[in-house]
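Line by line, the protein sequences are chains A, B and C.
UniProt numbering puts the first residue of the first sequence at 1, with every later residue one more than the last.
UniProt numbering puts the first residue of the second sequence at 1, with every later residue one more than the last.
UniProt numbering puts the first residue of the third sequence at 1, with every later residue one more than the last.
I should point out that these hints are in silico values taken from the structure, not numbers from a laboratory.
Accuracy of the hints is not assured; some may be wrong.
Where chains are identical, the list cannot tell them apart; a pair therefore holds if satisfied intra-copy or between any two copies.
Straight-line alpha carbon distances no greater than 25 Å define the calculated SDA-like cross-link-like pairs of lysine to any residue that follow [claimed, not checked]: (1) K107 to H63; (2) K190 to P29; (3) K107 to V54; (4) K107 to A65; (5) K190 to R26; (6) K107 to T53; (7) K190 to I82; (8) K107 to L8; (9) K107 to L168; (10) K107 to W62; (11) K107 to M57; (12) K190 to V89; (13) K107 to A66; (14) K107 to T61.
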Amino acid sequence: MFLTLLDLVGSFAFALSGGTRAVERRLDPFGIVFLAFVASTSGGIVRDLLIGTVPPMAIATWHYAAIACLAGVACSLAYRPIARLAAPVAVFDAIGLGFYAVVGTRKALDAGLSPPIAALLGMMSAIGGGIGRDILTAQTPMVLRKEIYAVAALAGASVVAIGDALGLPDTLTAPIGALAATTLRLVAMKYDWNLPQPQPRRPDEGIDQDPHER
Amino acid sequence: MFLTLLDLVGSFAFALSGGTRAVERRLDPFGIVFLAFVASTSGGIVRDLLIGTVPPMAIATWHYAAIACLAGVACSLAYRPIARLAAPVAVFDAIGLGFYAVVGTRKALDAGLSPPIAALLGMMSAIGGGIGRDILTAQTPMVLRKEIYAVAALAGASVVAIGDALGLPDTLTAPIGALAATTLRLVAMKYDWNLPQPQPRRPDEGIDQDPHER
Amino acid sequence: MFLTLLDLVGSFAFALSGGTRAVERRLDPFGIVFLAFVASTSGGIVRDLLIGTVPPMAIATWHYAAIACLAGVACSLAYRPIARLAAPVAVFDAIGLGFYAVVGTRKALDAGLSPPIAALLGMMSAIGGGIGRDILTAQTPMVLRKEIYAVAALAGASVVAIGDALGLPDTLTAPIGALAATTLRLVAMKYDWNLPQPQPRRPDEGIDQDPHER
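Extracted from the complex, chain A is given alone in its bound form (with noise of 0.2 Å):
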């Protein structure tokens, strides 16, 4: 119960980002609840085909669906409290991380994956929606880009899949996962840490390198 209310705004939070990037480009209403829809499931549908439970989770039930176009409408009709309210949907976002990073592992495991292998999935679950919202409006996905966001994922995941590994039990292994992986971004996020980047040769070299590139 507890648990399910978690997924549920873990959700809305992803769901938000969609909306309101959507609104940002300008898309049109449908287009507001799809990328919504996107930046919420498409980490666990991509983590269900690969584990091949057909048809994935996000599309088996209409809790969903549901959910995107809650957030959808609610982008629409209010964009500028909800930008304003960036700080919030932020902290709801890293609980929604640190909750599919972890249930995401569960499920990889549970289809007969090798831990190392389920963390990755668990992490892909967690950060694929952004991946995802990030391909639909034609940019580089920012989770590949800057901030502790993927390892935070990944770390929350590896508490689980390390927990696997060693016998210990997921009642366990799971809040601290979750807490883990939530604490680290929302840790990140407040000291602005990144990852450190390393330079190519000159700083204009890499991205006009192609004169046919749009």
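On the provided structure of chain A, position chains B and C as indicated by the hints.
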């Protein structure tokens, strides 16, 4: 027989939309055929993966690959006349839209999905090709941005899904659904109907939010 | 044994192409490893999903994740020497291309697909990683735009597919196919061969067609 013909006409119209885009973006002949294939099949491929039909219908037979080759060759050799044909192509595209929406919904229902989710998958079958085409040419999918397109597909898909829930026969609901989607799309094009767009606070606010974005 | 070595060399070359792109786009270390993984595995993952092999080979073992980590670390620490190595990397990439095309075709045939479709899936295995890498960095896939790349992969894949249809043994057709693809690619690079490009009417016509586009 008539249905197969409609399916082929719809696929060909979708493939032409991919082929002309490819020529405009200066893709090479392989790229033109590839984009024609993606535009005519990716909606159905995603649907089939989500309901567990492997290999997806679009690659289980050679028909769709052949249609993409035909459309690609046509666009390579005769880009100008086809571009001038934009209106007729849009009419075929609207026919394809209705047909794909109805067939996709039926397949999802047969796979045991609930009517609302089946309607979403039907819509996805119809609009997925355009989304794939737009992702591969690095732009935000047109379908998320303007015109009554996805909504027309969803309307047609809903006729079949609701009819199924009410126990009505497909022989009744499928033609009505396809006709509804196609007509709604054609009328929306004629009168340039669009869904209203919510506005972010300042016109420039969202798009350049991130200075690192290309 | 020799085959496994070739597979690893090909994967590593593909992973380097992802890692160097990631450094050029200023991704963080996680993004670099992730893009290396996508570049070396997404073709095979798509192929496995399409033929119903779950979990896909690329995530069923830890080898490919380890190769991506290695390549990512190498690109982070030694971007300049690797970028200077562009020619050797392209040679490995051509080897990987031939190998992936042949292996992908074989797997698709084993899954019961017809030879022409199996050849297409073999080609997709070989070029899919580059497409995934380019989508994630928001550009139209290079493979659709220039040079004999996909066509070389298709040629190698066709050797295996046609050989299968004629009842020839794989021990004969696989090396010929891989060699054909690799050689064709290397020769095309050396002489800068490209497929001819059809032209839209005016040079500027297609690209800025839509004022709302980014």
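Hint by hint, here is what the structure shows:
| no. | hint | result |
| --- | --- | --- |
| 1 | K107 to H63 | both (19 Å within a copy, 21 Å between copies) |
| 2 | K190 to P29 | between (33 Å within a copy, 20 Å between copies) |
| 3 | K107 to V54 | both (13 Å within a copy, 14 Å between copies) |
| 4 | K107 to A65 | both (21 Å within a copy, 19 Å between copies) |
| 5 | K190 to R26 | between (30 Å within a copy, 22 Å between copies) |
| 6 | K107 to T53 | both (10 Å within a copy, 18 Å between copies) |
| 7 | K190 to I82 | within (20 Å within a copy, 36 Å between copies) |
| 8 | K107 to L8 | within (18 Å within a copy, 29 Å between copies) |
| 9 | K107 to L168 | within (16 Å within a copy, 38 Å between copies) |
| 10 | K107 to W62 | both (20 Å within a copy, 18 Å between copies) |
| 11 | K107 to M57 | both (11 Å within a copy, 18 Å between copies) |
| 12 | K190 to V89 | within (14 Å within a copy, 41 Å between copies) |
| 13 | K107 to A66 | both (23 Å within a copy, 22 Å between copies) |
| 14 | K107 to T61 | both (17 Å within a copy, 17 Å between copies) |
When the structure is compared with the earlier hints, no violation turns up for any of them.
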